[in-house]
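Participant: Work out the full structure: start from the sequences and follow the hints.
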Amino acid sequence: MIESTDPLLRVRNLRTSFDTDRGVVSAVDGISFDIKPGEVYGVVGESGSGKSVTALSIMGLIDSPGVVEADAIEFRGEDISGYSDAEMRDIRGGNISMVFQDPMNSLNPVMTVGEQIAEVVRHHTPVGESAGFWRELSRKYVTGTDKESDSWQRAVELLDTVGIPDPKERATEYPHQLSGGMRQRVVIAQALAGDPDLIIADEPTTALDVSVEAQILNELLELADEFDVSVLLITHDLAVIRETCDRVAVMYAGELMETSNVQELFNNPQHPYTRGLLQSIPRITDDREWLDVIEGNVPDLINKPEGCPFQQRCNYSFDMCDKPLERHRVSDDHIARCHLHSPEVDTAAHDFDTEATGDRSITSGDSGIIADGNGGDDL
Amino acid sequence: MGMRRYIAKRVGHAALVIYFVATVVFIAVRSIPGDPARLMLGGDAPPEAIEALRQELRLDEPVYIQYFYWMRDILFGDLGESIFNNQPVLDLLIGVAGPTLSIGLVGMAIAFLIAIPAGIVSATRRYQVEDYLATLFSFIGISVPGFFIGILLILVFANRFEFLPAFGYVKPQEGLVTWFSHVILPALAVGVPYGGIIMRMTRSSMLEVLNEDYMRTARSKGLSPRLVLYKHGLQNALIPVVTVSGILFAVLLGGVVSVEIVFGIRGMGRLLINSINRRDFPVIQGGVILISIVFVFMNLLVDLVYTMINPKIKYGGGE
Amino acid sequence: MSTSLSDIVKTDRARIFGIRTDLIEQFVDTLQQDLKAKVGLVIVSVFILAAIFAPELTPYDPMAQEYGVFQPPTLSGAHPLGTDSYGRDILSRVMYGARISLAVGLGAVLFGGFFGVLIGLLSGYYGGWIDDVLMRAVDVMWAFPWLLIAIMLVAIFGQGFWNVIFAVGFAYIDDFARITRGEVLSVREEEYILAAENVGLSDFEIIFEETFPNTVAPIIVQFTVLVARAMLAESTLSFLGLGVKPTTPTWGAMLGQGRTFLTQAPWISIIPGILIMITVLGINLFGDALRDAFDVKEGDEA
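Residue numbers (the working numbering), protein chains in the order written: chain F, 1 to 379; chain D, 1 to 319; chain G, 1 to 302.
Check each hint, because a few of them may be wrong.
Said to hold, decoys possible - Straight-line C-alpha distance at most 27 Å; calculated BS3-like pairs for lysine-lysine: (1) G:36 - G:245; (2) F:168 - D:314; (3) G:297 - G:38; (4) F:168 - F:147; (5) F:304 - F:323; (6) F:140 - D:312; (7) D:314 - F:147; (8) D:312 - F:168; (9) G:297 - D:312; (10) D:312 - D:9; (11) F:140 - F:168; (12) D:314 - F:140; (13) D:9 - F:147; (14) D:9 - D:314.
Worth flagging that the hints you see were computed from the coordinates, not collected in a lab.
Facilitator: Below you can see the structure in the form of structure tokens.
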């Protein structure tokens, strides 16, 4: 059950663009969302929709020629969007940590897994061990990590917590000596090591064997629950979202198209794009001969069309689609950015059944434009 | 594959290389058209001398016997005697090894000390002034023969400023400062071409490492940029640099021979060239073999460094 | 049926002289954008033209000793680059020297390239014991102190144009073999090669008509880089008096002979030295531009 407290992370009008030879690429184009304490928030979208860039933008890890702008990125009520890199370093790993896609490449091949975890402990928790530049370098190249030190002990403990057998021994090993699933557990331990409030998991199981995928994901979420950490889960897999998330945002061409709690999104999707996505999932009970795919391609992020980015591929597109999109509240916890939900549009005339798959109907009073700045408003 | 097995393999490989060098030298000398002994001693040598040399080289025995004795002698460190002054070749060569090693090692040290930091700066400040300067330096480095650098250094530092000695060599026992002042210019001439290549390797390797996922992970952990670079990046970037640095000793070696000539230093290179001019074949053969052994040995050292900085070899395992 | 399939296989990319036209387009693109490429191309062109047309362009006979010794360079005078210790015109001599540099550079790399590419193709295509044997040999060659062997070979067999080419070129066989093999291994699994096998093309056709043209990009880059290195090796041998022939004007030999007069007539050594530097630099810049254009990773050679 989601508690209605102040959001842990509040993102307002985040825009990330890259200045390239061909023109300015708007990878993330004005998105807003809130993550509440303790919740698992999913962001789903096709590859290239801007999910990962969103994560890196929040972390302050977008490099030149990328430019990140936002009206606000509030973390626990404090706006971190204007933070310097030095200030962000305390946030990264300490308050928000990341789990990346490929555990083989995201762990350093020339450092023991123990040290890779222990250095996070030293940097972000009060163990009283110096984490200065020269001290760290001498640990790496001269003395090695002290196996009696608190940070190393903590690293071993964390390896144990994430379910790695014989953690004392494993801590001294290098990533290439571990299996894919073990490596991703190390990455999770590393993400927990700084005692964060939020973990951003960017396709955390995509690179793994199908056999361990579900297991690792469940462990991540159980640990998040145990450590009282919120999770921003980025994935292209709607099935994963359905099983793991509390709330979800559907991303397309750098914009959020629909946000909702998970049940409602699956039972009562209110954006044509979301419906298209849901219909492209194979189901066990399928009697369809072909999966329904969304025709066409993601628009060019350099010359995006005016208005809705999905209009060219949308079966319901009509004359309003090239007007700027607005947010329409479908229900308390459900917002869609589609002109079909404008109060003046008669959805029936467009053959768009607002009660397509669920049993919720939208009364005219529920539908309406939401003003900026209202608490808890996503998109 | 495990460190022991790896090192055993490299030692075997080194032995194989030396064996092939010895064989190539043997075949080359035996395929001299006509009578090698006559060619070595010159046309006007007395017949008794030629006959004595034929005996010594066992030229009258079947080739496989010659080959057997050749290999046996090398194995026992017997490289024959100089025709020019009848001294044992090994003693002659060891007597002039000091200056050659001094120049080579100081040159290498200069190359690494300049090239690796320059390569790192070049990669981290890509497309900025530092990068262009370092790249220019490395391009010139790989485009100028060592002996020409030597000549330019003599013109500038020795002739114009009379700042450093341009000729000869002084043993370190006779004073480290004098030794160094004699070694520094030739070492620079040898080190710049070598450093040029090392710098380019460091730069491209570092650029690749900077794009690796684990570097982004390190940043996501809140480490400072220089900690990310030097704690997480440096060792990874150096692995391929170390791999090629051994093979590139050949560049260093070629430089040493010609630079010894330029600076009038009595080292192994100069002895080799003088012996060629005197047609002193035992010294030529011995020189080629001994220098090859040093070369192969240095490569072996590089392999050892490689095993130390690459945990994939040190600890084996993985897929 | 089989002919039509193999036609598809063969026309899968347009080619000029076996080089894929898309590579040429890539290079032209780079050339238009990259200053490095332009500078390199200009230097290489001037060098090649000077070498080819030396007999037509040189003002004097490069061997004639009749112009007064030690005349310093005067750009407006009769001998723009001066004369040497025998009173020979340096400009004429360096232009003839360019011929030797170019010929040895190209010759050595063509020699090494021919055998190296052949070994690489066979090794990569057949795999198995052929690969094992060839690659073990290449491994040993890789760690060979080649310049020493070259010095010894020239010392034994005497100076001469072809001896220098072979002595220098031998060292490059392993570089080409390594690169070609790596490329073949990656190309081998491509669909058009599999298709070619299925339509029953002979091994010869598959190796030389289907595989080789698709491995050329790194080979061309390697070729360029090694021409620069071969010219440096030639100049070193010539400098040591082990080059083509003592009387032939080569840059290395001129530099070596001028060394005796370094204080009174430094230009005799410096001019050929600078020419070696600029030419090799030009070729390296050109090679680097090719590397960028073809997107070949650095360190694939070395």
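Participant: Against this structure, judge whether each hint is valid.
Facilitator: Going through the hints against the structure:
no.	hint	result
1	G:36 - G:245	violated (35 Å)
2	F:168 - D:314	holds (20 Å)
3	G:297 - G:38	holds (21 Å)
4	F:168 - F:147	holds (10 Å)
5	F:304 - F:323	holds (13 Å)
6	F:140 - D:312	holds (17 Å)
7	D:314 - F:147	holds (20 Å)
8	D:312 - F:168	holds (20 Å)
9	G:297 - D:312	holds (23 Å)
10	D:312 - D:9	holds (16 Å)
11	F:140 - F:168	holds (19 Å)
12	D:314 - F:140	holds (16 Å)
13	D:9 - F:147	violated (33 Å)
14	D:9 - D:314	holds (14 Å)
The structure fails to meet hints 1, 13 from the earlier list, while all remaining hints are met.
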